[in-house]
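Student: Given next are the chains, with one letter for each unit.
There are 2 protein chains.
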Amino acid sequence: MPSTALLTDLYELTMAQAYLEAGKQGRAVFSLFVRELPPRRNFLVACGLEPLVRALENFKFGKEELSYLKSLGLFKDWFLDYLEEYRFKGDLYAIPEGRIVFQKEPLLQVEGPLPEVQIVETLVINTLHYSTLVASKAARCYIASGGKTLIDFGLRRAHGPDAGLHGARACYIAGFAGTSNLLAGKEYALPVFGTMAHSFVMVFEEEEEAFRAFAKSFPDRAVLLIDTYDAVEGAKRALKLMREGVKVVGLRIDSGGVEKLSKQVKKIFQESNFGHIKIVVSGGVEERSIQRWLSRGAPIDVFGVGTKVLTSSDAPYLDMAYKLVEYEGRPKVKKSPGKKTFPYKRQVLRHYEGGYMTYDEVLPYREGGMVELVCKDGELVKPLPKVRDIRETFMEDLSRLPPELKSLDRKLKYRVLLV
Amino acid sequence: MPSTALLTDLYELTMAQAYLEAGKQGRAVFSLFVRELPPRRNFLVACGLEPLVRALENFKFGKEELSYLKSLGLFKDWFLDYLEEYRFKGDLYAIPEGRIVFQKEPLLQVEGPLPEVQIVETLVINTLHYSTLVASKAARCYIASGGKTLIDFGLRRAHGPDAGLHGARACYIAGFAGTSNLLAGKEYALPVFGTMAHSFVMVFEEEEEAFRAFAKSFPDRAVLLIDTYDAVEGAKRALKLMREGVKVVGLRIDSGGVEKLSKQVKKIFQESNFGHIKIVVSGGVEERSIQRWLSRGAPIDVFGVGTKVLTSSDAPYLDMAYKLVEYEGRPKVKKSPGKKTFPYKRQVLRHYEGGYMTYDEVLPYREGGMVELVCKDGELVKPLPKVRDIRETFMEDLSRLPPELKSLDRKLKYRVLLV
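Taken in order, these protein sequences are the chains called V and S. Position 345 of the first sequence, counting from 1, maps to 344 under numbering that gives the first Met the number 0, and the rest follow consecutively. Position 333 of the second sequence, counting from 1, maps to 332 under numbering that gives the first Met the number 0, and the rest follow consecutively.
Calculated directly from the structure, the hints in this document are not laboratory data. Keep in mind that a hint or two might mislead.
Unchecked claim - Computed Cβ-Cβ distance ranges for the label pairs, DEER-style: (1) S:V415 to V:R409: 39 to 45 Å; (2) V:K405 to S:P38: 47 to 53 Å; (3) V:G72 to S:K259: 35 to 41 Å; (4) S:Q24 to V:R53: 54 to 60 Å; (5) S:D219 to V:H350: 51 to 57 Å; (6) V:H350 to S:K385: 37 to 43 Å; (7) S:R295 to V:E327: 30 to 36 Å.
Claimed, not checked - Short derived list, chain S residues pointing at chain V, Cβ under 8 Å: (8) K62; (9) L65; (10) Y67; (11) L71; (12) P160; (13) T194; (14) A196; (15) M201; (16) K333; (17) Y355; (18) Y358; (19) S398; (20) R399; (21) L400.
C-beta: ideal position from N, C-alpha, C; glycine also.
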């Protein structure tokens, strides 16, 4: 991984120089939290800690970075020397990835000498914000899917390659079966899926010829895209091949009219005793379309979910902040209108009743609760969990989420008590 | 730059193997275009070509990538050998970065042997989509700003580091003065800006002490954040320092009530003959707030624009597609409902009247028009322009955009004739 040190707003470094010059190197705690949830979110899924830990390991100012900073004519030589020596040696207190969280809860708290923990602000927000955003949106799709298979197809319209990679990871954590994204498959050992595009069908003179060519190259797992010209005709051509003994595992529909088409196609296959064929739907899919189609009995087995989840299009950002809450053991509070903060390092205790979470308490830190010490003096205190285990954490928390909060609309605001 | 070869949906590779197996290696043309603009966009700004050319140069399957692909058990050995040898050797026809474009216009056309130009689909869309999305949103801010200074502060809530980097570049191209993002400053020689955060003020016992410390470390360019506790009191403290001879160039307000506060603060400074002080505003800023504040006479000099532009929050994606339009010299057309495509490689001719663009024609390709040959057989035909020149291209096009299309609302749909 290349250096992440310049993934930083200039002001982090100007502040750090001024802190050092003013002798402000005491121990500080910053807290990362979401002030209020977007209107269409009842909960969030904490996500992005492992990518952050990786990024912090590579937060090093090398020659190239230092010579650029020197060229700005802003920084003093002793400060550039400080940056050259800089390694993140702070403590990280985090709510583990996969846990369901709410407004004002400290997803991450960073403790260490003030300049050292200030400098990483931009990187910390950038990393945790996006993963949490996507996991929270993907979880809504998972709820809507009622056990059907979800696959992330979002790389192409995600905001850059990094969003594609961490978006795929976040989707998997929130219940998706896998992704079309090969880099995510490789980096996080996620199952990868893929079919064919319309261009594939169009290159051949006849649709049938295209289907045969694809099934020949992938004899055990061909999923055929049937709607390049006419979905019902495409389905009939696929059926013809299957009757000849060609193995086809699924049919994909990527255009409008999904509900009607999926029913028509399924019927054709059922009448021919090929009712086991999987129907895959893609194109603008998100939680509301999934819920609508399934509630109307559309026989869809697999949803290819892309753009709207990887851009979290109905809520493309969270009001996430990284705020100073403690300096040299004293409370720090910001009073700007609408941006009030709460002091001290914090713990979160979750209360349950009848198997469901009922409310959370956010109180001054002590051991034992949702917040765990992850890094001490810049070193991991134990290995981070694998994505598969994080997914289990999410599933457990989801099973304890009150049914009202699983609604795709806002029914209830979960109670978070700041003590 | 690390390999970009796995920034690819699995289906690009399954199709490529099946193409090769079926002998489909003829010359193909794919066209990248936006089907329809989002409701709140009257135009787009073409952006992202240079990052794409860089990414294509690094589209190489190395040992690590190949061993991952082999592990999937999907691909034949001869195909993995093909990938090992793969280098992008196609032709790129593009509308230059910075140009204003509309629905259905071919931002990029990629020509070459079919499997070779299919494989890069995901990377092509991923790269051009985001830059074009942000440049188009940033251009709206530029229009609203009426010559005031705009600075990108969006890295923290951009969707990953790559979005922060290319978002900053896109903003600069669309008229911003610079960015807070150091990596973008370094990579694209963009001017960088920065002030201080609330945490800086909070660390000191007194706000005044914080201001003094910052101004001491940056004697010529201190911008003080005045609203940690109370913006008017903060402004008075800044004024006190200035009266003592401390140099302060600007004051930043980052909370609600910007219109009223900026007027109050400006008045205090004018009455004391420090009316030249710059007022900087940040926090949820986008084109509509800029327009509203300026229309009500808020004396703001600099807008720090962040999250809403780098996530293009009111339109977080474009309906951008990469479609086969020509194979072996023959037209290719998709007929799926709502997704009809037009065949052949295309040129765009723009027509003007009275100095303003009036309509565009998209017609079969010939030289001379907005579409230019950028790469031939994988090699640049001439060096790509610098961001500064791309910005000039944008400014020229903007000066010829009809005033109705500069409205922040949809007044008119620009006419694009497909011939």
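Student: Once the shortest beta carbon distance from L71 of chain S to chain V is found, is it less than 8 Å?
Tutor: 7 Å, holds
Student: Taking the least C-beta to C-beta distance, is A196 of chain S closer than 8 Å to chain V?
Tutor: 6 Å, holds
Student: Against chain V, run the beta carbon of S398 of chain S and see if the smallest gap drops under 8 Å.
Tutor: 29 Å, violated
Student: How about L65 of chain S: closest beta carbon in chain V under 8 Å, or not?
Tutor: It is violated, given that the least Cβ distance between L65 of chain S and chain V is near 11 Å, above 8 Å.
Student: Please check whether Y358 of chain S passes as an interface residue: C-beta within 8 Å of a C-beta belonging to chain V.
Tutor: Where the cut-off is 8 Å and the nearest Cβ of chain V is about 28 Å from Y358 of chain S, the hint is violated.
Student: Do the Cβ positions of R295 of chain S and E327 of chain V conform to the proposed distance bound of 30 to 36 Å?
Tutor: 43 Å, violated
Student: Is it true that V415 of chain S and R409 of chain V lie within 39 to 45 Å of each other by Cβ?
Tutor: Holds, at about 40 Å.
Student: Would the hint on P160 of chain S stand, with a C-beta cut-off of 8 Å toward chain V?
Tutor: Hint on P160 of chain S: holds, closest Cβ of chain V at ~5 Å, below 8 Å.
Student: Can you verify the interface hint for K62 of chain S: is its Cβ closer than 8 Å to any Cβ in chain V?
Tutor: Violated, about 12 Å.
Student: Do Q24 of chain S and R53 of chain V keep their Cβ atoms within the hinted range of 54 to 60 Å?
Tutor: 40 Å, violated
Student: Could one say that the CB atoms of G72 of chain V and K259 of chain S fall in the range 35 to 41 Å?
Tutor: 37 Å, holds
Student: Please test the hint of 37 to 43 Å on the beta carbon pair from H350 of chain V and K385 of chain S.
Tutor: Because 59 Å falls outside the window, the suggested range is violated.
The structure is inconsistent with the numbered hints 2, 4, 6, 7, 8, 9, 17, 18, 19, 20, 21, although it conforms to all the rest.
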